[in-house]
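> Just so you know, the sequences run in chain order A, B and C.
According to the working numbering, the residues represented by the first sequence are 1 to 337, in order.
According to the working numbering, the residues represented by the second sequence are 1001 to 1308, in order.
According to the working numbering, the residues represented by the third sequence are 2001 to 2297, in order.
A few of these clues could be false.
Claimed, not checked - Derived DSS-like pairs (lysine-lysine); straight-line CA-CA distance at most 30 Å:
id, chain 1, residue 1, chain 2, residue 2
1, B, K1221, A, K154
2, B, K1304, A, K89
3, A, K132, B, K1304
4, A, K97, B, K1304
5, A, K138, B, K1158
6, A, K154, B, K1158
7, A, K138, B, K1304
8, A, K93, B, K1003
9, A, K154, A, K138
10, A, K138, B, K1070
11, A, K89, B, K1003
12, C, K2032, B, K1158
13, B, K1007, A, K154
14, A, K89, A, K39
15, B, K1225, A, K134
16, A, K154, B, K1304
17, A, K134, B, K1007
18, A, K134, A, K36
19, A, K132, B, K1225
20, B, K1084, B, K1304
21, B, K1221, A, K93
22, B, K1123, A, K93
23, B, K1158, A, K89
24, A, K132, A, K97
25, B, K1171, A, K154
Unchecked claim - Chain B side only, calculated, beta carbon under 7 Å to chain A, not exhaustive:
id, residue
26, K1007
27, S1011
28, S1194
29, E1198
30, Y1204
31, N1226
Read the hints as simulated data drawn from the structure, not as lab findings.
What you are looking at is a predicted structure, and each value in this text was computed from that prediction instead of being measured.
For each residue, glycine too, the CB sits at the ideal point set by N, CA and C.
Given next are the chains, with one letter for each unit.
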Amino acid sequence: MKDQNTVTNALEINDLVVEYRTEDGIVQAVNNLDMKLEKGKTLGLVGETGAGKTTTGLSILRLIPDPPGVIVSGEIYLNGKNLLLATEKAMEKIRGKQVSMIFQDPMTSLNPVTVVEDQIAEVIELHENLSKSKSLEKARNMLELVGIPGERGKEYPHQFSGGMKQRVVIAIALACNPLLLIADEPTTALDVTIQAQVLELMKELRETYDTSMLMITHDLGVVSEICDTVSVIYAGRIVEHGTLEDIFEHTGHPYTEGLFNSLPNLEDRQSKLKPIKGLMPDPSNLPAGCPFHPRCNYALEICKSAAPPKVYRNENHYIRCHLYDEVNVKTGKVLKG
Amino acid sequence: MWKFIFKRILSLIPVLIGVTLIVFLIMSLAPGDPAKVILGLEASEEQIEKLREEMGLNDPVMVQYVRYMKNLVQGDMGLSYKTKRPVTEEVWARFPHTVALSLTAMGFAVLFAIPLGIIAAIKQNTFVDGFSMFLALLGVSMPVFWFGLILILVFSLKLGWFPSSGSDTAKSIVLPSIAIGFIQMAAVARITRSSMLEVIRQDYIRTARSKGLSFGAVIRKHALKNSLIPTVTVIGLQFGMLLGGAVIVESVFAWPGLGRLMVTSIQGRDIPMVMGCIIIFAVTFCIMNLIVDLLYGFLDPRIKSMYA
Amino acid sequence: MSKTKEEVLQKTKKYKKRSQTVEVWHRLLRNKAAIIGLVIVILLFLMVIFADVLYDFNDVVIKQNIPERLQGPSVKHPFGTDEFGRDLLARIVHGGRMSISISFISVATSLFVGAILGALAGYFGGRIDMVIMRVMDVFLAIPPTLLAITIVAALGPSTVNLIIALAVSNIPLFSRIVRGSVLMVRDREFIESARAVGANDFTIIFDHIIPNSFAPVLVQTTLSVAIVILTTAGLSFLGLGVQPPTPEWGFMLSSGRNYIRDHGYMTIFPGLAIMVTILSLNLLGDGLRDALDPRLK
């Protein structure tokens, strides 16, 4: 397992710890997070707001606002190279070229006083050593690729709708054919129909460019559409990870079960909604032991004091929960479902 | 684009009319009889009444206003009570001096304030930031005429480097423009800093960084233009303060500009001259605001779109 | 039934206001610069109230005392004496009372009139809004200092006319701010809900709109008081404001000007007094602005 050399993986994160040191206390945003993403695949990072998803994404790009954010420890390997050891100058070469990120709110992600083709051409000119005019040409091609007529490149962001703005953002992110694309809730701010369009677009481009993708989302529907593997994040650490089938068909962790149960049942309209009781824990004051235990229907005494270890159900699927041991994890369902 | 410029110029006209109307109405509240002032103490009742009829002083205020406006657009602002010469002459003679002083002061202010504000924002919470903002705070807390007097005390009386009054030599403009300019610089530096801080927080700055641009390039190519938008607005507002300050500073430094003329005319109860000065000031301010508006439109394409 | 509904509404309103006020107060206290400003402002207030106790007006402040004229700072006269032998510190203290009282009265007037105009314009919109705002725009097209000078020029220099001039020149600013706040609140959903439970226009304005406008108005008031003190000083410097022998900082600077060469203290101290006052008000105003900024929550 260990020699599955890191070169195979587009992204590998080991034991990442990120804190925000504020006046009101230390916020533990990411706590010993592990992650693996194979080349050409898409990993869904699923969790509720405040779980540390965006912080994880920003850490890969080393764009955590500092102050007050600090990457305390851990390793982030991009195609084998540890980004946390790179110099700032090296990171500037990597951002936009090997790793790109698209953010949640397309309305504010673009510079309002610059035309869109310039904003796309900028990243091309920066990394690809092309002349200004060649970069613009390529920028217009990118626009066509994302479904926007090239002539509209001379317009300003405010002249586009939300969905189209997000397409421009995608164009910028993919312009230099990065190895890894981090998409932070790219469709959350969009209408449902537009969501579907943008997801389709992302799937197409992924095929064309063979881009590895980290899809950050809280929407299980999006996950089922586009992801190969899934990591479920809670209070800054991964509580369950596996393939799409593992997570959807063989749900292990009580939190993951809770997420699925929170979805309304279209077939049984009479059934009650089953929300997860309680609230997300305060990241500056996390519970001891397993962070989910105050809200867990299955909590054991040990959960209050000891952090649960990883228990592997198969090669890819692991669960961090005291309910499981090497034996019962392979056999049957532990959760009531 | 021209449509935008044209529309803005057009909207200036009602404002100018309103301004002249207000100034006229306020001045008409002044006690005293202009005819008496002109003819002097020995004049008889009939003479005064005759002059009042001639000058149209017995007509209703609005009629007098229309008459004044008719003359105004032909370049006639009446005769000074004191010198009996056309107001327009005197005003035009003095106006360039005030313009020279204001432009020098504002130019000096903006030249230093914008880089200072940007640096303070980039190095937020460091010594550079704290110290420069402290100085800026002192700057906006000082009365301009006091600062002028201190400058005179130090640089003119004690050190003898610059003249303390008049406009004879090129050096004469230095102290008055520093007096006005320093305070303006303080105000503009503060807004530049806060505007830049605001811009740096925006999402599109994060997008720019994620493209791999260095911090300096992000500031230059993305933050700068956006942060200038509120700054330009404030510069326009400050220009109004500057005109008010010019009136006072000209008195401190005996600078032969419009402000000084206005003050002496007020003290001498020379109403037409006061009117003339105020109207020129107000019109200048309006035109300055128009320029700022146009600049605003050029900097922010969303504004231009609104008028296209 | 409806009584309990109202009671609940009232209780939630009060609770929200109280915890918000406490929160703002805490944030203000964390800002050291603002505290300094606040402390100085309070001290100035006290100085204003007790001015007569400290220095008798007729005996010390305006009565001439030629033998002691033009003395530099000493133990007896910490700030020196002026050209008529009057103690400068005493005159500065009483001058402060003049400046601060004048600015308070005129800003309060501006605020009152401006708020009414702004609220009417913002709330009713349409024609009323257009008319009021056009008039305000015209007034704003004249630099405020110039407007004040114009009014004083017309009415003649006196303290009352000064107050009127200052008040008028600040009305447009307050009306703009209040109108802006009203517009922000008017179309929010909770106003619709208030109407849905039967509140009338009057109640809505007083219970909802005014509390929401409170923040920007408070900040602007603090800053406007500072600006008005500066303008008062400026006008008095030109002889267009408070008339002698009543002390006023600006006027003291203009008379000190004749003696600037050898008696610089006559220029330095009144100016410092102005600067310290304005500085403290600016610190307080900036601090209030930061503490009340909803985005920092």
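> Each hint needs a verdict: does it hold in this structure or not?
Verification of the hints:
1. B:K1221 to A:K154: holds, 17 Å
2. B:K1304 to A:K89: Between B:K1304 and A:K89 the Cα gap is close to 38 Å, so the pair fails against 30 Å, i.e. violated.
3. A:K132 to B:K1304: holds, 26 Å
4. A:K97 to B:K1304: violated, 34 Å
5. A:K138 to B:K1158: At roughly 67 Å apart (the allowed maximum being 30 Å), B:K1158 and A:K138 break the hint.
6. A:K154 to B:K1158: violated, 61 Å
7. A:K138 to B:K1304: Holds: A:K138 and B:K1304 sit about 28 Å apart, inside 30 Å.
8. A:K93 to B:K1003: violated, 44 Å
9. A:K154 to A:K138: holds, 14 Å
10. A:K138 to B:K1070: It is violated: about 62 Å lies between the C-alpha atoms, which goes past 30 Å.
11. A:K89 to B:K1003: violated, 46 Å
12. C:K2032 to B:K1158: violated, 37 Å
13. B:K1007 to A:K154: Holds: B:K1007 and A:K154 sit about 25 Å apart, inside 30 Å.
14. A:K89 to A:K39: holds, 25 Å
15. B:K1225 to A:K134: holds, 25 Å
16. A:K154 to B:K1304: holds, 15 Å
17. A:K134 to B:K1007: It is violated: about 39 Å lies between the C-alpha atoms, which goes past 30 Å.
18. A:K134 to A:K36: Distance ~37 Å between A:K134 and A:K36 Cα, so the pair is violated.
19. A:K132 to B:K1225: OK: A:K132 and B:K1225 at ~21 Å, within 30 Å.
20. B:K1084 to B:K1304: violated, 48 Å
21. B:K1221 to A:K93: Judged against 30 Å, a Cα distance of about 18 Å means the pair holds.
22. B:K1123 to A:K93: holds, 24 Å
23. B:K1158 to A:K89: Between B:K1158 and A:K89 the Cα gap is close to 53 Å, so the pair fails against 30 Å, i.e. violated.
24. A:K132 to A:K97: holds, 17 Å
25. B:K1171 to A:K154: violated, 50 Å
26. K1007: Status violated, d = 20 Å.
27. S1011: Interface hint status for B:S1011: violated (23 Å vs cutoff 7 Å).
28. S1194: violated, 18 Å
29. E1198: violated, 13 Å
30. Y1204: Holds, about 5 Å.
31. N1226: holds, 6 Å
Going down the numbered hints, you'll see the structure goes against 2, 4, 5, 6, 8, 10, 11, 12, 17, 18, 20, 23, 25, 26, 27, 28, 29, while the others check out.
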